[in-house]
Amino acid sequence: MRPTAPALLAFALLAAGFSPTVAAPPSAKETAFFENKIRPLLAEHCYKCHSADEKVKGGLLLDSKAGWEAGGDSGDAIEPGNPGDSLLIKAVLHTDPDLQMPPKYKLADAEIEALTAWVKMGAPDPRTGDSGAVKQASEIDIAAGKQFWAFQPVKRVTAPQPKDAAWAKSDIDRHLKADAEARGLQVAGDANRWELIRRATFDLTGLPPSPEDIAAFVKDPASDDDAFAKVVDRLLKSPQFGERWGRHWLDVVRYAESMGRTRNVPFPFAWRFRDYVIDSFNADKPFNRFLGEQIAGDLLPHNTPAQRDEQIVATGFLALGSMDLNERDAAQFKMDQVDEQIDVTTRAFMAMTVGCARCHDHKFDPVAQEDYYALAGIFKSTEALSGTKNKGGGGNYYQPQFLATLSEGDSKNAEEEAQKEAAAQRKKLQNQIAEIKRQLGDKKKSADQQQLRKRLKRLNQELSSMGANAGKQNLAMAAEDAKNVSDCKLCVRGDPHNLGEAVPRGFLRVAHYGGEPDIPTGASGRLELAKWLASPEHPLTARVMANRVWQHLFGRGIVATVDNFGETGERPVNPALLDHLAVRFVEGGWSVKSLVREIMLSRAYRLSSGDVAANAAIDPGNDHFWRQNPRRLEVEAIRDSLLAIGGTLTLERPHGSPVQRARKGEIGKGGGEKADERIDAPFRSVYFPVIRSGLPEMFESFDFPEPSQVIGKRDVTTVSTQALFFMNSDLVREQANGAAKALLARAGLDPNARIHHTYAHALGRRPSAAEQNQAAAYLQNFLREAKDKSAEQDAWSNLFQALFASAEFRYVL
Amino acid sequence: MTCRNSFTTSNRRDFLRRTSAGFGWLALSGLLGESTRAAAAGAHGSPLAERAPHFAPKAKRVIFMFMQGGPSHLDMFDWKPALKKADGKGDGKNRLLAPQFDYKPRGKSGLMISDLWPELSKHADDLCLLNGCHTSNAAHPQATIAMHTGSVTFVRPSMGSWIVYGLGTANQDLPGFVTIDPANNLGGAQNYGSAFLPASFQGTRISTGARGIANIANPEMDAKEQRKHLDLVQEMNRGLLARTGANPEIEGVIESFELAYRMQTSVPNTLDLNKESAAVKEKYGIGSGGTDNFGKQCLMARRLAEKGVRFIQVTHRGWDQHNSLQSKLQQNCGAVDKPVAALISDLKERGMLEDTLLVWGGEFGRSPQAQDAKGTGRRHNNRGFSMWMAGGGVKGGLRYGATDETGGTAVEGKIGTHDLHATMLHLLGLNHEKLTYRYAGRDFRLTDVAGTVVDDIIA
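Residue numbers (my numbering), protein chains in the order written: chain A, 1 to 813; chain B, 1 to 459.
Note that these hints are calculated values from the structure, not bench results. Misleading hints may appear alongside valid ones.
[Unchecked claim] A short list of chain B residues far from chain A (calculated; beta carbon distances all over 12 Å):
no.: 1; residue: A56
no.: 2; residue: K58
no.: 3; residue: G90
no.: 4; residue: P118
no.: 5; residue: D292
no.: 6; residue: A335
[Said to hold, decoys possible] Lysine-lysine pairs mimicking DSSO-like chemistry, simulated, CA-CA at most 30 Å apart:
no.: 7; chain 1: A; residue 1: K106; chain 2: A; residue 2: K37
no.: 8; chain 1: A; residue 1: K48; chain 2: B; residue 2: K434
no.: 9; chain 1: A; residue 1: K48; chain 2: A; residue 2: K334
no.: 10; chain 1: A; residue 1: K363; chain 2: A; residue 2: K155
no.: 11; chain 1: B; residue 1: K434; chain 2: A; residue 2: K713
no.: 12; chain 1: B; residue 1: K395; chain 2: B; residue 2: K434
no.: 13; chain 1: A; residue 1: K391; chain 2: B; residue 2: K374
no.: 14; chain 1: A; residue 1: K457; chain 2: B; residue 2: K328
no.: 15; chain 1: A; residue 1: K787; chain 2: B; residue 2: K228
no.: 16; chain 1: B; residue 1: K93; chain 2: A; residue 2: K391
no.: 17; chain 1: A; residue 1: K457; chain 2: B; residue 2: K395
no.: 18; chain 1: A; residue 1: K104; chain 2: B; residue 2: K58
no.: 19; chain 1: A; residue 1: K789; chain 2: B; residue 2: K224
no.: 20; chain 1: B; residue 1: K281; chain 2: A; residue 2: K457
no.: 21; chain 1: A; residue 1: K454; chain 2: B; residue 2: K328
no.: 22; chain 1: A; residue 1: K55; chain 2: B; residue 2: K434
no.: 23; chain 1: A; residue 1: K391; chain 2: B; residue 2: K328
no.: 24; chain 1: A; residue 1: K669; chain 2: B; residue 2: K328
no.: 25; chain 1: A; residue 1: K104; chain 2: B; residue 2: K395
no.: 26; chain 1: A; residue 1: K741; chain 2: B; residue 2: K395
no.: 27; chain 1: A; residue 1: K454; chain 2: B; residue 2: K374
no.: 28; chain 1: A; residue 1: K789; chain 2: B; residue 2: K228
no.: 29; chain 1: B; residue 1: K434; chain 2: A; residue 2: K104
no.: 30; chain 1: B; residue 1: K307; chain 2: B; residue 2: K228
no.: 31; chain 1: B; residue 1: K434; chain 2: A; residue 2: K57
no.: 32; chain 1: B; residue 1: K395; chain 2: A; residue 2: K437
no.: 33; chain 1: A; residue 1: K90; chain 2: A; residue 2: K55
no.: 34; chain 1: B; residue 1: K93; chain 2: A; residue 2: K437
no.: 35; chain 1: A; residue 1: K363; chain 2: A; residue 2: K391
no.: 36; chain 1: A; residue 1: K334; chain 2: A; residue 2: K472
no.: 37; chain 1: A; residue 1: K389; chain 2: B; residue 2: K93
The beta carbon of each residue, even a glycine, is placed where N, CA and C say it ideally should be.
Same shape as in the complex, but just chain A (with noise of 0.2 Å):
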């Protein structure tokens, strides 16, 4: 049900602290019968869902007098004297099949005629104290709320002396340590050079080490500490670094080239996005640079037209989500994607749910509905251009005219070729509609006629779709400010046609540092909200991305929970730690790459990830970051791993996407054709196209995040799918033929000789003694048993793939 206009008009001035209702006492007659008849009824039937002791179910509450005078969602519950307008006596005739009350049972007869009686006497109510809904409006403290670790300054803490302080190369060990020995926690000892080149190079670049990086680095003379550095800073140079901390960054972007959900159409132009991102991590860009660009890069300053399409292109960040193209309520719709937004920006560079409070106060967090609908000012004063946009029902499909229009194209001669063909294709359909038009004149049975209606429809959309836009190469997914800039108004209870008073758009009052926010009028807010956001001062921003950092260098976060530092998230193992880093992050002007090599050139990303058998009892799980984690390897990094050994990966970047070049209806209903790529595509495996709901196999069945959610951390799960694609997929098997292939295609190599070989591809190490043994008994087993000519090459594909199945192939230890 819609509030009519006097029941808004009722609730702003309660709001203001005016009482529409300025009634006498209630008489002792008046009092009795209340008394009598009324107050044990409103007990037994409706204070289960309507009282500030059980729930507030509709926002109305009829356990106090002040309660029912503020009404509910619905607008005003009692008009004093007048039954027949009263929402409650209506509810409890059960008359109107979308108001009964109670919902699953009808009152006695008597029962009804006492409401009546009572309502029609002015609805005498000697109860007096507060309204319980008055009284949550005020439940969150902000000033209390700031005093939640999360929400404190990051402080500058002196590292604490470790007693083994030799042990330590630096203040992140000295923190480590420090807490180790307090715990009475014994620390693992040093990783092999075999074991390190290796969790290194897969950290960095999401690919293994070539047997020659191995051999340089095992036989580097300098010490184990300037070996290592020059390994972590050519891996840092190379452009594969990008590719690795840009796919880390996209899934908590939430990055996919589709809509998802009801109408699933493509986003050809997504990928530009995605090739932002990477070029960012591999240029070092400063973090809070990267974070202002997303949020407001076409608002920020320019001296290039590439500068510009740049920042244009990194906003595509808002224009990603996955809304319901399907929705036909354009103020639902609106607001959809405004929560879609804030929760994106809210959980990337925060790590707070604020969402939660679009439709009440955070149940845990100091974040009240006007902080939510104070940011949610900021993006409803904001366009995004995904391509698409939502008209209801059918004829939901890609759309060119919603996309910003870049200053350079592609190359001149690919734009061109693209118009020419636009311009045919255009002329092809509108050929083709003439000419259904006239069979439509002519024929008179009714079948034929229904086909050439529906092919009709069918062109007409095709062409419509094709829009001002069609055939240009130069677009790309953004936002921009909207015509109208304005505050957005609460929906009480996340319902966007309840509306209450507008809030003035702001950001995250418990997040506050400075003063307060000072938004220009005319303008959305976004850039203000960036530059807020970007600030050393901000509680936030420095810590969670360092913890990002960190997490993606031991496997876990010093704050585990690494989308959530608020309350139900995990408290911070090592605060002082993690203020560290967040200290040195912004001191080294927010470069990630600095970030990371600190954190890498520490002794404690070095060591072991060998279990101690004397930490068992005091912390099992290693939260204390007393040795290295095993971690599983991405779905991209097995994947980009079995096609470098198996000699068929390319690192060259793939220009754009194969979605560019897919149909553009919804993806498997006459759209998206020529999407898929194959599974054995050469080119590294963040290139390939994410398409929601329409993801690979093997990408579904290691883990790959839901692309429609902010995942900052991936699930790890073991089954048998995975075994199933390791004992018998076409590119396990392919790749271990191509590496047998080239293993035998060397000439002077003892079967001995190739073994090793064998494992240094695989696994970047050599074989023990038993490993050759067991190899080769193998392989001889395998020889002796086999009967035709191909048996050499079987012999070394099945060791491979051997390899490759094993469980240290898709570990770094």
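With the hints as your guide, set chain B onto chain A.
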């Protein structure tokens, strides 16, 4: 703001760390306040290991027959004599369209079912007609996704994945949640996805056409050769375990290979319909045009159910009769009637109907009004439609709930999406308010914050 949830969190984690010997403990790290569930899973190791329900269940498994498009309840299961009388009344878009098929009382219970279902009608006394169903949205994609996941607004785990998360599955040689020939669009994989639940709980898509599951057979090695190869792999894995010390994840890898090896036999065996007699195949309508595909789906479903698969979905598309209602309904029911009836009688013969919950229905129903002034079809209708259940602890021969006089709006015994899900979980022994998963700082449920178990239909 003094409530801290970390008590439960850390205790649970410590508990798991201390006790879990097998794989998948990480997968269960989202379980909160579900210590019995976690304990059971920890003891058996696998995230799919069977777990005790909250209370004694009526049903052990579900077969959900999804009829995509919006089947016309008015012409099949919701008998409306008043609509018949009112045929043609109303102008333009309001013109009422009489039921296009005659209804007769069926079975001892006298359930009114139209002539479209001659075979199913023979099982009328097992059917529990739900005439008061409604859903929040009248568009195919939203309603389809809501039916499968409970949410139109957000990406959420599907009901099958919730159920397998809650109960695990009885047969570790087969997936716990299988969907046969699902739709690619209208949410696609979202309808059998696990969203924020661990991937172990997502549905496995099986096709009636192909060999079932990806990578289920080795194209090169014979069984003996493969076993030797696998022995080598496992030797390597045990070697790693010896080097690293106890590690549940690596133990999990070892276990997953043995399971996969067994699946190579169990999956094709289960899906191989040639193991059934010609008479059984005929009963399901396999081999004859109209019924062939759905017959195969139903027979596969029965074979999977027999083997202990927890949640099985079959799908029949094309129930969106905006026009030619009469002929298309005949065609659809012709394709579905015989296989469904065969499934019911087969389960009954095997003594499985009592603990297998069958659920039949589409994402919504259709309007009492014709499509337009002259139309021969009906429009979408989310305000009132029918589903039916059978077996699994529901009352047979019952007509529960009602729409208004002409069948447009549910008015009695109303069952919304959350109520439906709550009831299904209840029949499986799960309290829908307690089956929760912590994600993004909140405990989520299949039924969000709503849902009432429909006690009146439970036997």
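Hint by hint, here is what the structure shows:
no. : hint            : result
1   : A56             : 25 Å, holds
2   : K58             : 23 Å, holds
3   : G90             : 20 Å, holds
4   : P118            : 28 Å, holds
5   : D292            : 23 Å, holds
6   : A335            : 21 Å, holds
7   : A:K106 x A:K37  : 17 Å, holds
8   : A:K48 x B:K434  : 20 Å, holds
9   : A:K48 x A:K334  : 34 Å, violated
10  : A:K363 x A:K155 : 28 Å, holds
11  : B:K434 x A:K713 : 25 Å, holds
12  : B:K395 x B:K434 : 25 Å, holds
13  : A:K391 x B:K374 : 27 Å, holds
14  : A:K457 x B:K328 : 22 Å, holds
15  : A:K787 x B:K228 : 17 Å, holds
16  : B:K93 x A:K391  : 22 Å, holds
17  : A:K457 x B:K395 : 47 Å, violated
18  : A:K104 x B:K58  : 25 Å, holds
19  : A:K789 x B:K224 : 20 Å, holds
20  : B:K281 x A:K457 : 42 Å, violated
21  : A:K454 x B:K328 : 17 Å, holds
22  : A:K55 x B:K434  : 18 Å, holds
23  : A:K391 x B:K328 : 29 Å, holds
24  : A:K669 x B:K328 : 21 Å, holds
25  : A:K104 x B:K395 : 21 Å, holds
26  : A:K741 x B:K395 : 65 Å, violated
27  : A:K454 x B:K374 : 18 Å, holds
28  : A:K789 x B:K228 : 20 Å, holds
29  : B:K434 x A:K104 : 23 Å, holds
30  : B:K307 x B:K228 : 28 Å, holds
31  : B:K434 x A:K57  : 21 Å, holds
32  : B:K395 x A:K437 : 56 Å, violated
33  : A:K90 x A:K55   : 21 Å, holds
34  : B:K93 x A:K437  : 26 Å, holds
35  : A:K363 x A:K391 : 35 Å, violated
36  : A:K334 x A:K472 : 27 Å, holds
37  : A:K389 x B:K93  : 28 Å, holds
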